[in-house]
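Peer 1: Sequence:
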Amino acid sequence: MKKIVILLAAAMVFCGTSAFAEIKSCDALKAEIEAKLKAKGVKEYTLEIIPTDQAKDQKIIGSCDGGTKKISYSRKKSK
110 MKKIVILLAA
120 AMVFCGTSAF
130 AEIKSCDALK
140 AEIEAKLKAK
150 GVKEYTLEII
160 PTDQAKDQKI
170 IGSCDGGTKK
180 ISYSRKKSK
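The sequence shown runs 110 to 188 under our numbering.
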């Protein structure tokens, strides 16, 4: 009986974490982020898809393609 409870608990943990491990395409995630920024009235910004190993000083706001790429955000300077 104890083994069944442990097995069920382990199964629930694995099922619950599958949503977090969803691989999302960079274009889809970038479109979602752009929609959220537009809804909040944010203007004059740049979103850039970069390889994970090239992410240095940029502000990273998303990870996509299974963690192989990042989406960086920067504000354009107003004149």
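To be clear, the hints were calculated from the coordinates, so they are not data collected in a lab.
Beta carbons are placed, not taken as given, at the ideal position from N, Cα and C, and that holds for glycine.
One or more hints might be untrue.
[As the list claims (entries may be wrong)] Pair by pair, the computed Cβ-Cβ distance ranges are:
id, residue 1, residue 2, range
1, LYS111, LEU146, 48 to 54 Å
2, GLU153, MET121, 14 to 20 Å
3, ALA164, LYS111, 19 to 25 Å
4, GLU157, GLU131, 52 to 58 Å
5, GLU143, MET121, 34 to 40 Å
Peer 1: Lying within 48 to 54 Å: is that true of the beta-carbon distance LYS111 to LEU146?
Peer 2: holds, 51 Å
Peer 1: If I claimed the Cβ atoms of ALA164 and LYS111 lie 19 to 25 Å apart, would that claim hold in this structure?
Peer 2: Given about 46 Å between the Cβ atoms, the range is violated.
Peer 1: Could you say whether the range 14 to 20 Å given as a hint is met by the Cβ separation of GLU153 and MET121?
Peer 2: violated, 46 Å
Peer 1: Quick check: does the Cβ-Cβ distance between GLU157 and GLU131 fall within 52 to 58 Å?
Peer 2: Given a distance of about 22 Å, which is not inside 52 to 58 Å, the answer is violated.
Peer 1: Could you check the hint for me, namely that GLU143 and MET121 are 34 to 40 Å apart, CB to CB?
Peer 2: Holds, at about 35 Å.
The earlier numbered hints that this structure contradicts are 2, 3 and 4.
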